[in-house]
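Asks: One-letter residues, chain by chain:
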Amino acid sequence: MKLKSILAGAALAISAATGSLADKTKVGFVYVGPVGDMGWSYEHDQGRKAVDAAFGDKVETFYVESVPEGPDSERVMTNMALKGADLIFTTSFGYMDPTINVAAKFPNVKFEHATGYKQSDNVSVYSARFYEGRAVQGHIAGHMTKSNIVGYIGSVPIPEVIRGINAAYIHAKEVNPDVQFKIIWIYDWFDPAKEADAAKVLIEQGADVVLQHTDSTAPQAAAQAAGNVITFGQASDMAAYSPKPRVSSIIDNWGPYYIARTQAVMDGTWTSTSTWDGIGSGMVGIGEITSAVPAEVKASAEALRDSLADGSYHTFTGPLNKQDGSVWLKAGETAADYGPEGLAEMLFYLEGLDGEVPN
Amino acid sequence: MDLSAISPTLLVASLMVAATPILLAAIGELVVEKSGVLNLGVEGMMITGAISGFAAAVLTGSPMIGFLCAALGGAALSVIFAIITQYFLSNQVATGLALTLFGLGLSAMLGQSYVGIKPPASAKLDLPLVSDIPVIGPILFSHDFTVYAALTLVTGVWWFLKYTRGGLILRAVGESHDAAHALGYKVVRVRILAIMFGGACAGLGGAALSLVRVPQWTEGMTAGAGWIALAIVVFASWKPARVLLGAYLFGGVAVLQLNLQAAGVSIPVEYLSMSPYLITIVVLVVMSANRSKSALNAPAALGRVFHASR
Chain A
1 MKLKSILAGA ALAISAATGS LADKTKVGFV YVGPVGDMGW SYEHDQGRKA
51 VDAAFGDKVE TFYVESVPEG PDSERVMTNM ALKGADLIFT TSFGYMDPTI
101 NVAAKFPNVK FEHATGYKQS DNVSVYSARF YEGRAVQGHI AGHMTKSNIV
151 GYIGSVPIPE VIRGINAAYI HAKEVNPDVQ FKIIWIYDWF DPAKEADAAK
201 VLIEQGADVV LQHTDSTAPQ AAAQAAGNVI TFGQASDMAA YSPKPRVSSI
251 IDNWGPYYIA RTQAVMDGTW TSTSTWDGIG SGMVGIGEIT SAVPAEVKAS
301 AEALRDSLAD GSYHTFTGPL NKQDGSVWLK AGETAADYGP EGLAEMLFYL
351 EGLDGEVPN
Chain B
1 MDLSAISPTL LVASLMVAAT PILLAAIGEL VVEKSGVLNL GVEGMMITGA
51 ISGFAAAVLT GSPMIGFLCA ALGGAALSVI FAIITQYFLS NQVATGLALT
101 LFGLGLSAML GQSYVGIKPP ASAKLDLPLV SDIPVIGPIL FSHDFTVYAA
151 LTLVTGVWWF LKYTRGGLIL RAVGESHDAA HALGYKVVRV RILAIMFGGA
201 CAGLGGAALS LVRVPQWTEG MTAGAGWIAL AIVVFASWKP ARVLLGAYLF
251 GGVAVLQLNL QAAGVSIPVE YLSMSPYLIT IVVLVVMSAN RSKSALNAPA
301 ALGRVFHASR
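Top line first, the protein sequences correspond to chains A and B.
Quick note on numbering: the numbering used here labels position 37 of the first sequence as 37, and the sequence is numbered without any gaps.
Quick note on numbering: the numbering used here labels position 160 of the second sequence as 160, and the sequence is numbered without any gaps.
Just so you know, the hints here were simulated from the structure itself, not pulled from any lab data.
Treat the hints with care, since some could be wrong.
Some but not every residue of chain A turned toward chain B, in silico, with C-beta under 10 Å [said to hold, decoys possible]: (1) Thr78; (2) Phe190; (3) Asp197; (4) Ala207; (5) Gly339; (6) Glu351; (7) Gly355; (8) Asn359.
Positions of the beta carbon are idealized from the N, C-alpha and C atoms, including for glycine.
Taking the hints into account, I'd like the entire structure generated from these sequences.
Replies: Okay, structure coming up:
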C-alpha cells in the first residue's frame, strides 16, 4: 500500500513536472462512437487533427472513443482533467450533466459541451444548426420520392433530432404535398446492426428515400443493396456511397471552432459562451449533390442552401402549426432560438407528421 | 397507424435473415451440449468469427473465403476451450465465460483497422422466374448463402443425431460419459470434435452478421446474440427443429418491432424488445417446474467433467 502510494505520488510529480516544462496546452476530446464511424465522431476527430495541425508543438491532444453517455463518461472526463487537460471537448448530448458535474470539481479546466444547453463558468456550449442542412435534404427528398414515402431513422428523441425531422418534413412537403414520413427510433447514436434493420424495414414499407440521424454507414449499405433508394450522408460526407444511394450530405466542420477555442485558452481570453452556427459560418457543410439528382432540383436545392447561408431565409418560417393543429408560428414569423417555444427545446412534431414523439 | 403497410411476405423473408446469425450459433451449441459440454463462450466465438470473416473477405474480396475463415476463426477459439476443459479438466462454466470475454477483446483488437470499411457484397440467390413467384419467391428463393447454409445445417444436425451411428455415439457421450468410455468410445475426442463444430457454427453466425446482415464491422457488434443462442438451445429443449422455431420467433419479434414502429403503432418498443427474453424465461420456468420431463431432455452429463480413471 505504502509503496503503491509512493509510486503513484512519484508518477504524479513527474507528469506535473514534464507538463509544466513542456508548457503545452493539453486538449482532451470525448467521443460517443469510434473515430472510424465515418460519421459524427470521425468529424470531431478531424477537428482534433486540425487543432494539432494548427498549433503543432504547442498543443497536445488526446481522445477517448466509444464512451457511453451517462455515468461512465464522468469517469473519463475526470481522468482527463487529472491528466492535466486545460480544455476538454465533450461531444455528445448525453454528456451534458456529467460535463457540468466534472466541471464543478475542476474550476481551472475549461469544458466545451456539444449540442447541449447547460452552461456554467467553465462550461461553454456549442452546436451546429444541422436543421438547415435537413431543410436542403427534405427539399431534395420531396422532389425525388416516387412512392411519396420518406423513411427517417431517428436516434434519440432529443430536440436536435426532432428539429431535423421537422425541418426535413416541412421542406419536403413544400415541394410535394403528398409526402409522408415514416420514422423509426433506434435509441442509439451508433448501432450498425439496428440501423441496417431499420433501413431495410423502411424500404420494405415503401420508402425510396431514407434519411438518417445515426452515425454509421449501415443504412447506406442497405439502400445500395435495395437498389432504387437514395440516402444522405450524416455528419460526414460518406462519399464512398456516392453518386447513389448517397446523393448529398450534411458535413460537420468543427475544425475552425476547435482552433479558435484552443487559441482562446492559450491567450487566457477563454470565457463561457454559447455558439450555434449554421451553413453561413461553414460549421454545417452541404456535401456535393450528385448526378443522381436532376439538374433543376440540384439548382433549387443549392438556392435554398444559399438563402439559408446568407440569412435571407429562416428554416422555420411561419405559418407553421404544431401536430395538434395549434399555431406555432404566424405567417412571416421565424422561430426563436430559445424560450418555451424555441428551437433549443423543440420536443414537438409539426402538423402533418404521424406518430408521437417518444418520451 | 397503417398496418397494411406491413407486408407479411417481406416480414417473413426479413425475419429469416434476421434470425440466421442466432440460428447458426444455436445449432452449433446444441451439438456441443448434446455431447455433454456446456460452452458459454458462444458470444466470444461469434464475434471472433465476425471479424475473421470480415477481414478475410475484405482482404481477398471474396465473401465465400470470408465465411470459411469465419468458421475457422470460431473453431480455433473453441480449441482453446476444448483443451482447457477436456485435458486440464477445468470448470466449463468459468472457462466459457472467460472465452467470451477473451473473444470480445481479441476481436476488438483485430478489428482496429477495419472500422468503417465496406465489405464485398455477398451474392443473393436470384433464380429467373422462380425468385419472382409471389409470396414463395421472396420467402424461399431470394436469400443469400447463409440463410440456406443455416437451414441445411439444422436439417443435417437433426438427421445426424437421429439416424446415424455417429449421432448415437455423440448422444451416448453426452448422456453418460462413463458408460460410453466403458464401451470403448473416445469420450474426449468426440467432445473436442463437437466443441470445434460448435465454434465453427458460431463463427459462421458472426460472419452472417458482419458480412450480410449489417454489413460492416463494429466492436461488440454481436450485442448479446451469443447469449440469445444459448437461451434458444434450452428453450428448444435440445431439439434441432425447435431451435429453428425459437430462432425464427426471436428474429420475428425483432423485425416486427421495427415494422410496427414504421407503421406508426404506438406500443412502447421496450415491451416488444423485451418479449423474446420474457418468453424464454417463461419456458425455462415451465420446464424446470416439471423435473421429470426436463430431465428426459437435458443431456445427463451436461457440464460434468470427465476423467477416465481406468
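Asks: So, as I understand it, the hint says asparagine 359 of chain A touches chain B; can you test that by seeing if any CB pair is closer than 10 Å?
Replies: With a minimum Cβ separation of about 9 Å from chain B (threshold 10 Å), the hint on asparagine 359 of chain A holds.
Asks: How about glycine 355 of chain A: closest beta carbon in chain B under 10 Å, or not?
Replies: Holds. Min distance 5 Å.
Asks: Next item in the hint list is phenylalanine 190 of chain A. Is there a CB on chain B closer than 10 Å to its CB?
Replies: Since chain B brings a Cβ to about 8 Å from phenylalanine 190 of chain A, closer than 10 Å, the hint holds.
Asks: Interface hint check: glycine 339 of chain A, Cβ to nearest Cβ on chain B, cutoff 10 Å. Holds or violated?
Replies: 29 Å, violated
Asks: Aspartate 197 of chain A was flagged as interface toward chain B. Is the shortest Cβ-Cβ separation under 10 Å?
Replies: 6 Å, holds
Asks: A closest beta-carbon separation below 10 Å is what the hint needs, so does glutamate 351 of chain A meet it against chain B?
Replies: With Cβ-Cβ at 16 Å, over 10 Å, it is violated.
Asks: Hint validation: alanine 207 of chain A versus chain B, beta carbon distance must be below 10 Å. Holds or violated?
Replies: Interface hint status for alanine 207 of chain A: holds (8 Å vs cutoff 10 Å).
Asks: Does the nearest C-beta of chain B fall within a distance shorter than 10 Å of the C-beta of threonine 78 of chain A?
Replies: Violated, because the Cβ-Cβ distance from threonine 78 of chain A to chain B comes to roughly 23 Å (cut-off 10 Å).
This entry does not satisfy hints 1, 5 and 6, going by the numbered hints stated previously.
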